[in-house]
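Read top to bottom, the protein sequences are chains A and B.
Residue numbering for the first sequence follows our numbering, starting at 3 and increasing by one per position.
Residue numbering for the second sequence follows our numbering, starting at 36 and increasing by one per position.
None of these hints come from the bench; they were simulated from the model.
Ideal Cβ positions, reconstructed from N, Cα and C, are used throughout, including at glycine.
Check each hint, because a few of them may be wrong.
Stated by the list, open to error - Here are the simulated lysine-lysine pairs, DSS-like style, with alpha carbons at most 25 angstroms apart:
| id | chain 1 | residue 1 | chain 2 | residue 2 |
| --- | --- | --- | --- | --- |
| 1 | A | K35 | A | K59 |
| 2 | A | K35 | B | K65 |
| 3 | A | K182 | B | K244 |
| 4 | A | K210 | B | K349 |
| 5 | B | K103 | A | K182 |
| 6 | B | K172 | A | K59 |
| 7 | A | K59 | B | K337 |
| 8 | B | K65 | A | K210 |
| 9 | B | K329 | A | K35 |
| 10 | A | K63 | B | K172 |
| 11 | B | K349 | A | K207 |
| 12 | B | K237 | A | K35 |
| 13 | A | K35 | B | K337 |
| 14 | B | K144 | A | K182 |
| 15 | B | K341 | A | K169 |
| 16 | B | K166 | A | K207 |
| 17 | B | K103 | B | K144 |
| 18 | B | K65 | B | K172 |
| 19 | B | K337 | A | K210 |
| 20 | B | K349 | B | K337 |
| 21 | B | K172 | A | K169 |
| 22 | A | K182 | B | K166 |
| 23 | A | K182 | B | K172 |
| 24 | A | K143 | A | K169 |
Said to hold, decoys possible - Here are the computed distance ranges between Cβ atoms for each label pair:
| id | chain 1 | residue 1 | chain 2 | residue 2 | range |
| --- | --- | --- | --- | --- | --- |
| 25 | A | S41 | B | Y70 | 25 to 33 angstroms |
| 26 | B | L179 | A | S41 | 41 to 49 angstroms |
| 27 | B | K284 | A | G54 | 21 to 29 angstroms |
| 28 | A | I66 | B | R81 | 31 to 39 angstroms |
| 29 | B | S294 | A | G54 | 36 to 44 angstroms |
| 30 | A | I66 | B | K166 | 38 to 46 angstroms |
| 31 | B | K103 | A | K64 | 51 to 59 angstroms |
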Amino acid sequence: MPNQKNDRKKGNTGRRRRPEDTAWIDTDRVVNKAQHIVSSAVNVLEEEIAAGILAAKRIEKKLIDVDEIRSNPDDLINRIRRDSHEALDLYIDAFASLSGKLNTIIESLKSEPPEKQAATNTHTQKNRAEVIILEPDAPLKPGGSCTLTLGLQEDTQGASGKVSLRKSDFVGPDDRIISKRAITIVPRTLIIKADVEKEISITVKLPKNSFPGIYNAFLTDRYNPLIRIILAIHVTE
Amino acid sequence: MAMDELQMKDMLAEYGAETLRGISTFIPQKEPAKYLYELIADYPNRGGKGFRPGLCIATCKAFGGTLKEAKFTAVTLELLHNSFLIHDDVEDDSFYRRNKPTMHQANNKAIAINVGDAMNALSMLPLNRNKEILGDKIAQQLFLEIQHMVLECAEGQALELGWRKDNNCSLVEADYMRMILKKTCWYTCIHPIRMGAIIGSKGRTDPDKFNRLGYFMGASFQIQDDILNLVADQEKYGKEIGGDILEGKRTLMLIHLLSHCSPGELRFIQNYLRIPILDRREADAREIFSLMGKYGSVAHAKETSKYLAGAALKEFYTHFSPLPDSADKAFLESIILYMINRNY
Chain A
3 MPNQKNDRKK GNTGRRRRPE DTAWIDTDRV VNKAQHIVSS AVNVLEEEIA AGILAAKRIE
63 KKLIDVDEIR SNPDDLINRI RRDSHEALDL YIDAFASLSG KLNTIIESLK SEPPEKQAAT
123 NTHTQKNRAE VIILEPDAPL KPGGSCTLTL GLQEDTQGAS GKVSLRKSDF VGPDDRIISK
183 RAITIVPRTL IIKADVEKEI SITVKLPKNS FPGIYNAFLT DRYNPLIRII LAIHVTE
Chain B
36 MAMDELQMKD MLAEYGAETL RGISTFIPQK EPAKYLYELI ADYPNRGGKG FRPGLCIATC
96 KAFGGTLKEA KFTAVTLELL HNSFLIHDDV EDDSFYRRNK PTMHQANNKA IAINVGDAMN
156 ALSMLPLNRN KEILGDKIAQ QLFLEIQHMV LECAEGQALE LGWRKDNNCS LVEADYMRMI
216 LKKTCWYTCI HPIRMGAIIG SKGRTDPDKF NRLGYFMGAS FQIQDDILNL VADQEKYGKE
276 IGGDILEGKR TLMLIHLLSH CSPGELRFIQ NYLRIPILDR READAREIFS LMGKYGSVAH
336 AKETSKYLAG AALKEFYTHF SPLPDSADKA FLESIILYMI NRNY
């Protein structure tokens, strides 16, 4: 097939295209045409997705037999188990949201005058004493990293315990998130004994696109929920 | 920063080669070798671009995953793609695929259909292996992605084949956009990107946000492929030039022409499309191509494909800018920029 020629007549106006002269380009027409093409495409996509969801729901409706589910306790339990996993996911999301709120409270406490803080402390001292706050000496730049060390030992003489820290995302200004993948905990799991202090190394490596501000993440122990650690960092420009 | 075209093609070739090695491990070394298992390796070994595995692996890595985590899914995608090609060539009665006779021309239709079926079945094996490295939950999510992908592709193919069967000449551009969404975009771009993001983010990313990116990319890619079918160099393109007109494929150019030509020309095209493929004259196909030039149908398709690639770039920046810079992120950006800057 031969290549088509470009110097044809324009369909709508009848004007001839002049290659040396760019004044013929109608930017409004180009923008409008682009918008029209893209929005038509989006409409098609949205319609198709909606049709797919509807079709899936119809199939689901056909497949669910309420009487059978009720008459089969084993299956019902399996469904509850599955739903429990979903509930656990929701719980983790809520937990991340709570750590965000905790961040806001800490920020407001920091900004209060010392006298007022002292008064507040008398009410909350018992709870706050159980929270460990870890923060580097200096602010970090986007892409920067720091390593913090946490020493742990078993309180009860003669006993030993297993510690496995879990982490949440960092929550910062305007609910900005730095993924928990930025936090590396080594070792993830360890056994602690009385009179023997063991160290956990916590490294934070910030993404290069981190937004400036103060961020907090929450670390907690899988086996002992009373261990609560707030990892606080200050990201500067 | 985006990488240059050569680097992008090198990376695509690297991921393609990795996927090809994966495919060969899943082909059973047993009989019937001559009529089945040796033929399964034929299309993948003809040097396809590996576009789908490339998108999946690069997206996975851009989201923090590894090649190893995406490899089984990439192998599934490529096996399914090649099985679609074999069946597609039979359905279209095409003569060439990647510069060689199509599977059914080199063997026969029955054997080709059977090879395609076997490749479909084989593609389930790597998909199942995802459980071992990604866990049950993500493996099941990927299984549903593939199921949706295959079904959408079959629906798109059904639309196109049905239009040809009924000699439908009253299509509008939205019909075409719907058909390529189903036939091409889900399996060429949307699902590879979605699955790469699911794997790389360990299931923490909402894959729906990549639908537009994949759709715009896939549509731009398909339109450009249809244009190449008319204007490319046959050796580089690997298929017969103008084959789509001979097959009566409802491309964007043909739909544009049907809605812009004179009543007399419309009758000529309708009559041409009505007769069986093998009875169509090449001179008539040339006349239709010439009409596409006269009414600006090819230029319109080029323009549309560039606008869609531009929209894809915007979507890409929206969803990938928050991710750390990486070679894979640059690779994905370069693919879109390549589509925007492509010359024919």
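Here is what the structure says about each hint:
| no. | hint | in the structure |
| --- | --- | --- |
| 1 | A:K35 to A:K59 | violated (36 angstroms) |
| 2 | A:K35 to B:K65 | violated (56 angstroms) |
| 3 | A:K182 to B:K244 | holds (21 angstroms) |
| 4 | A:K210 to B:K349 | holds (21 angstroms) |
| 5 | B:K103 to A:K182 | holds (22 angstroms) |
| 6 | B:K172 to A:K59 | holds (21 angstroms) |
| 7 | A:K59 to B:K337 | violated (39 angstroms) |
| 8 | B:K65 to A:K210 | violated (52 angstroms) |
| 9 | B:K329 to A:K35 | holds (20 angstroms) |
| 10 | A:K63 to B:K172 | holds (23 angstroms) |
| 11 | B:K349 to A:K207 | violated (29 angstroms) |
| 12 | B:K237 to A:K35 | violated (39 angstroms) |
| 13 | A:K35 to B:K337 | holds (13 angstroms) |
| 14 | B:K144 to A:K182 | violated (54 angstroms) |
| 15 | B:K341 to A:K169 | violated (44 angstroms) |
| 16 | B:K166 to A:K207 | violated (30 angstroms) |
| 17 | B:K103 to B:K144 | violated (36 angstroms) |
| 18 | B:K65 to B:K172 | violated (33 angstroms) |
| 19 | B:K337 to A:K210 | violated (37 angstroms) |
| 20 | B:K349 to B:K337 | holds (19 angstroms) |
| 21 | B:K172 to A:K169 | holds (21 angstroms) |
| 22 | A:K182 to B:K166 | holds (24 angstroms) |
| 23 | A:K182 to B:K172 | holds (20 angstroms) |
| 24 | A:K143 to A:K169 | holds (21 angstroms) |
| 25 | A:S41 to B:Y70: 25 to 33 angstroms | violated (50 angstroms) |
| 26 | B:L179 to A:S41: 41 to 49 angstroms | violated (29 angstroms) |
| 27 | B:K284 to A:G54: 21 to 29 angstroms | holds (25 angstroms) |
| 28 | A:I66 to B:R81: 31 to 39 angstroms | violated (46 angstroms) |
| 29 | B:S294 to A:G54: 36 to 44 angstroms | violated (28 angstroms) |
| 30 | A:I66 to B:K166: 38 to 46 angstroms | violated (26 angstroms) |
| 31 | B:K103 to A:K64: 51 to 59 angstroms | violated (40 angstroms) |
When each numbered hint is compared with the structure, violations occur for hints 1, 2, 7, 8, 11, 12, 14, 15, 16, 17, 18, 19, 25, 26, 28, 29, 30, 31.
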